[in-house]
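Taken in order, these protein sequences are the chains called R and H. Under our numbering, the first residue of the first sequence is numbered 46, with each subsequent residue one higher. Under our numbering, the first residue of the second sequence is numbered 4, with each subsequent residue one higher.
Take these hints with a grain of salt, some might be off.
[To be verified] Below, in silico cross-link-like pairs of lysine-lysine (DSS-like), each with a Cα-Cα straight-line distance of 30 Å or less:
# : chain 1 : residue 1 : chain 2 : residue 2
1 : H       : K54       : H       : K64
2 : H       : K644      : R       : K61
3 : H       : K54       : R       : K161
4 : R       : K555      : R       : K527
[Stated by the list, open to error] Short derived list, chain H residues pointing at chain R, Cβ under 10 Å:
#  : residue
5  : I103
6  : D232
7  : A233
8  : I448
9  : A449
10 : Q560
11 : S567
12 : C571
Since the hints were made in silico from the structure, they are not lab data. Where a beta carbon is used, it is the ideal one built from N, C-alpha and C, also for glycine.
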Amino acid sequence: MKKTRLDPITLEIQWKRLVSMVDEASAAFVRTSFSVLVREANDFAVVLTDAQGRSIAQSGLSIPSFIGTLPATVKHFLEVFPAQTLKSGDVMITNDPWMGTGHIHDVNVAMPIFHKGRLVAFAAVVSHMPDIGGRIRNAGIREIFEEGLQIPRLKLIRAGKPDQGVFDMIARNVRVPEQTLGDIWAQVAACKMLEERLRPLLRDTDLDALGTEIRRRSEAAMRKSIRAVPDGVYRARTQHDGFEEPILINCAVTVKGDRIAIDYAGSSPQVPRAVNVVPIYCFAYSAFAVKALLNPDVPNNEGSFLPITTSAPLGSIFNPRYPAASGGRGMIGHMMVPAIMMALADVLPGRAIAEGSSNSSITIAGEHKGRPYAAISFMNAGQGATRHRDGFTMLSFPSNLANTPIEVFEQMAPVRVIERAIRRGSGGAGKQRGGDGLRFEIEVATDSPMTASMIMTRFRTAPQGILGGAPGAVGGLWLNGKPINPAEHWVLGKGDRVVMETAGGGGCGKPA
Amino acid sequence: MRIRIAVDIGGTFTDGLAMLAPAGRIWVAKTLTTPRDPGKAVTTVITDLLKQVSAAGRGTKPAVTEVVHGTTLVANTLIERKGARTGLVVTRGTRDVLTIAREIRYELYDLDLEIPKPLVPVEWRIEADERHDASGGVVTPLTDAECARVAEAVGSLGVEAVAICLLHAYVNDAHERKIAAVLRKRFPGLAISTSSGIAREIREYERMSTTTANAYVQPLMAEYLERLDARVHAQAPGAPLRIMVSSGGFTSATAAAETPILLLESGPAGGVLSALNTARNAGLDRMLAFDMGGTTAKACVAVGGEPLVAHSFECARVSRFARGSGLPILIPSIDLIEIGAGGGSIAHVNELGLLNVGPESAGADPGPACYGQGGARATVTDADLVLGYLNADSFLGGEMKLRQDLALSVLQALAAPMKLDATQVAWGICDIVNENMASAARIHIAEKGHDPRGFTLVATGGAGPVHAVEVARKLQIPRVLATIAAGAGSCLGLLAAPARVDRAWSNPALVKDMDWGRVAKVYEELRADAQEELASAGAAAVGLQWWIGAEMRYAGQGHNVSVSLPWCKVTAATERALLREFERRYRQLYGHLVPNAAPQVVTWRLTGRSRVKNHSFAWGDARVSARPVLRGRRQIWLPLKRRYAPVAVYDRYSLKPGTRISGPVVLEERESTLVVPLRAEVRVLADYTVSVTIGEG
C-alpha cells in the first residue's frame, strides 16, 4: 500500500471524494426508496466507517437523528459478528432502538468491505421504512411490542446469499411487503455502490491513515470551539406538555476545557408511552445542538463528536429500560436542542436561541365513496429569537418536515382547508421577537365518519424567551369552536371544523 | 448572403454569433454587458457581426433572416429584486401561503438561515371569496359583486402587475379567468398573470411563486422586448426576433412577453443545445454537457440526443447555490446543475486548515488578481495562469494582459501558512475546483440513474475547455469534445434550437378511473393553442413534432416518473401505451415494478416543436492553414507527472478537420483555451470540434 501524503490539499481532495461517494450512494438510494419520509424529509443516512466502525464520511442531507448512530450500530454488529468471522458479501440488519436510532421504524444495514482479503471498512445505511407493522405510530402506545416487528442483530445476507427466512419473516409482518423489502434491497444496493466506488481509491490510498487524519482535524476543530466556551456547569429545565402530567427535561451542560458533557439526571422517569428516548438518540440530538452552536461547517464524522458525551440514569426518559416504546421519541428528543441552547444562552449570548416549538401534525383517515383514504399534514411552529435576529415564523426545527400543500391534502382526503395562516402576534415579545406560529383550519367534506388524530406540541407549556425576552403563545386545538383534548382520537362528521394553532417562539432581550 | 444571428446576454459579456445560411460559416462578437440598457450591447454586437460578415463578403450587405436571443435579464431581475410593484389575488384563507412556503430549512446546521423574501409583500395580497374543490367543482361561487370588490382593492394598491392564483385553478380556471377579465377591463395598462395560464400544476405554493415571479418581471420584459424588436428592426429590417426559453427551444417575442418567466434559464439552455448538437454530429448517444464560466459551472446529462427537461426549477438562491434557498419556479427547463465553481472562484484556508475553493467569486470586478484591477485573493484563473494553462499575452485575443507576478504573489501568500509553495497551491486550487465539479456531476449522474464511464464530456464556456480534460479523468469519462467557438457556446445552441412550446395540466387521477374523453378534449385545446404559438414563432405547420407527456407514479408515492409518448389521438386505447411506457421507465429507474399498486397520472403535458436539424459550423474567415500553426512551446503543469514540462501550443483556428496531434498539448483561440495536460489522442473532427481521447490516468 502506498503511503498517503496528507498535506492540506491531498487531504481536502480525498476527503471530498469520500463524501462525494457517500452522497452518490445516497442519491441512488433516495431515487429507489419507496418511503415518502426518505424522499421528502431525508429521513435516512449513508455512512462509511473504518474497520472498527468509526465513521469517516456521512451523507450530507441526513436529519440530526442519525448523528453518530450508524457507527455505533456497526460497533454493535461487531459484538455479535466479530470482525474475523465476517465474509465478503455479508450484510447485517437490525432495527433494535438501543442498537440503531431509537425507534424500530428505522432499519439499519451494514456491509463489510474487504481489500486484499483484509477488512478495511463498512458501508452502512439506515432509513425510515414505509411500514414496520404493528399499530399505526401513535404516542399512546405503551410497549415496544405494539410498535411492530423487532429485528435483532441478524445476518440478512451471508457471503452473498440472502437468508430467505429473514426476508419471509419481515414480509409476513408488514402491511406492504413489496415496499418495505424494496427499501431494504435499496439499502443493500447503496452499500454495494459505495463499495464499488471505494475500490479505485483503496488501490492507492491508506484508508486508515486518511480516516485518522480526518478525525484528528475534525476533533481538533471541535475541541478548539469548545475551549472558547468558559468552563462551568450550565443548566436548563423545560417541560413537555406530557400526558397525565408534564414530562420534565432537566439538562446540565458541563464545559471543562475542550470537552462537553451533557447530563439529563433530574428529568422525568420513563413513561408507558411511545416517547422514550434511548441513549443513542439522546446523543444524536444533543450532539446536533452542540455542533450547530459551535462548529456547524465541519462535515459529520466521528472526530467532531468525540469531545461530546451524554448521560442519564437508567430508567430515565433519556435512558429507558426495555421494553419501553419509542416510536414518537422525537416529541421529547426535539426538546433537548432548545434545552441545551437555553442552558448556554448566558455564556454564548451571540449564538444561543430562545425556545421554539417542534412540529405538530394531523392525521385523518376513513372511507369516502367506497375508497379508503389517509392523509397527514405536519404543522410547524414559531422559533426562538437570537440576539441578532427575530425568530423564524413557522419553520421546522430541529427536525425538518415540510407541510403538505393544501391542494395535495384536499386531493388525498375529503377535507377543505379553510385557512393556513400565520398566527400574528403569537411570537414572544423582545428586543428581537419570537417567530409566529400557524393557524390551520379544516372542514370535513364527506358524509362518512372521518377519524382524526392530532399531535400537539407546546400545547400547555410556552416556549421561553432568553435574556429577558417574553415567552411565545401556547398552541391550541378546537372542534367547532370548543377546546378538545389532543390525546384522544376524534371521529368527525360532515361540516365539522377543526382549528389547530401552533406555538410562537420565545423572544430575546427585554422589549423596548 | 443570408445570415442568422444569435445574441446571448450574460452577466459579464454579451455574445453574438452570425451564421451564413445554409453553409454554416460563423463569425463571433463579444462586448461587455450594459446592465442599464441591455439592448445597447445587443446593438453593438449585431453591428460588429454585420461588419465582419460584409467584410468577408467583400462588402456585400448580408440579409438577416432571423435573430435568436437569449438573456439572463429575467434571472437578474429576480435576484436583484428589481421587478415591478406586484399585487396578488388568492383564495380566502391562503393569503400567507407565499410567506409560509414549505416550512423547511435548506441547511440543517445553519442556525441563521437566510430565507428568501417573497416577491409580493403581504399588504399587497388580496383574498377573494371563492373556492373550487380538488376535482374542480364550485364550493363557493365567485359573484360579480366579489369581483368588483377585488378589482377595487387591486386598484387601491397602485401596482403595475397582478398575479392571480386560486386554489385548484390547475383543474378549473374559471374563477381566475373571470377575475382577470374584470381587471383587464377596468385597468387596461395592468400586466396580469393567471396561475392557470403560467403553470397549470398542482401545489399552490410553487404555482403561486411561479405566477408572482412572472407578473413581477412582466412589465419590464415586455418593454425590453418591444424596444429590442424595434432596434433589431432598425438594423435588420424584416428579421423576426425569436426568444430562447429554458426548455431548449425558442418562441416568438410576443409569446415571450406574455410568459417571460419561461426565459429564466435561456442562456444555460443554449449551452446545452450547443453541446448536444456537437454530440449528435459526432454520433454520440450519452453526453455530459459541461460549461464553466466566471462564477459558475453547469453540468447536464443527455441520453439519446435529447436533454432531460425538468418541470420545476429554483431561481435567485440566497445561499451559496444551496438547494431550497431560492424561489421555486414551475417551468419546463433543461435539467442541469449549477455549481459555485468558475474562473473567479476564490481559494481560502478553512477552519480545518484545509485548502478550499469557492463558492465565493471575485466576479468581474475586481476579478482575479492577475487582472490587475486590485483583486487581492487567489482565484482559479490565477492558478491556471501560473500552471501555464492560460497565456498572459493572448487572453481575450490579447485585449487583456494578465499579470503573472500578481498571481504568484497572492498564491504565495496563501501557501505560506500551509508550508507549501506557490506551485503546489496553484495545482491544489485547480485540482480542488476540478474535484468539486466532478463530485457534483457524479451525484447528478447518479440521480439520473447512469454511470459516467459510458459518457463523453462536451465542453463549452470560457473556462470549460481549460478544465474539461481533468474533470473527465476524475469522472472516468474517456473522451472530451470541445465545440467550435466554445467561448460563445450558448449562441451556437441558440442557432441550433428548434421552435418549442410546452403546456401542462394537472388533474390527479388513477389510470384505471381516467375519463379519457375529457383528457382528449383538453389535449385538443392545448394543441390548438400551442400550434398557434408555434406558428407565431415561425414554425411551419408541417414537420412539427408532438409529444404527449405524463407525470406518473404509483398512488401514494411522493415522487413522479416522467413518461413521454409520440402524439396520438387520445382514446381509451391510450391507456395501454401509457402504462407500457410508464413501466418501462419505472424499471429503468428503479429496477423493478411495484406489484399490486395503482398507477396514477398527476400532470399531463404537451410538447410541440419544429424538427431539430444538425448544424455543422465552420470558421467564417478562412483561417485554416495547410499545416497546424505552432505558436510556440510553453511550460505547463502535468498533474500525473507532478511537474512542469514544455508542451506545444497551437493556434486552434489553424487546425483543419482531420488534424491529429498528441497530448499533452494546448490549443488557443480567442475566447478560450483547450488544455490537454496528459497523454491523449487529439483529433479535429469534420465540424471543427476537437476530440480528446484520454490515454492515461
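Comparing the hints with the structure gives:
no. : hint            : verdict
1   : H:K54 / H:K64   : holds, 9 Å
2   : H:K644 / R:K61  : holds, 22 Å
3   : H:K54 / R:K161  : violated, 67 Å
4   : R:K555 / R:K527 : violated, 35 Å
5   : I103            : holds, 6 Å
6   : D232            : violated, 38 Å
7   : A233            : violated, 42 Å
8   : I448            : holds, 8 Å
9   : A449            : holds, 4 Å
10  : Q560            : holds, 7 Å
11  : S567            : violated, 19 Å
12  : C571            : violated, 27 Å
When the structure is compared with the earlier hints, violations turn up for hints 3, 4, 6, 7, 11, 12 and for no others.
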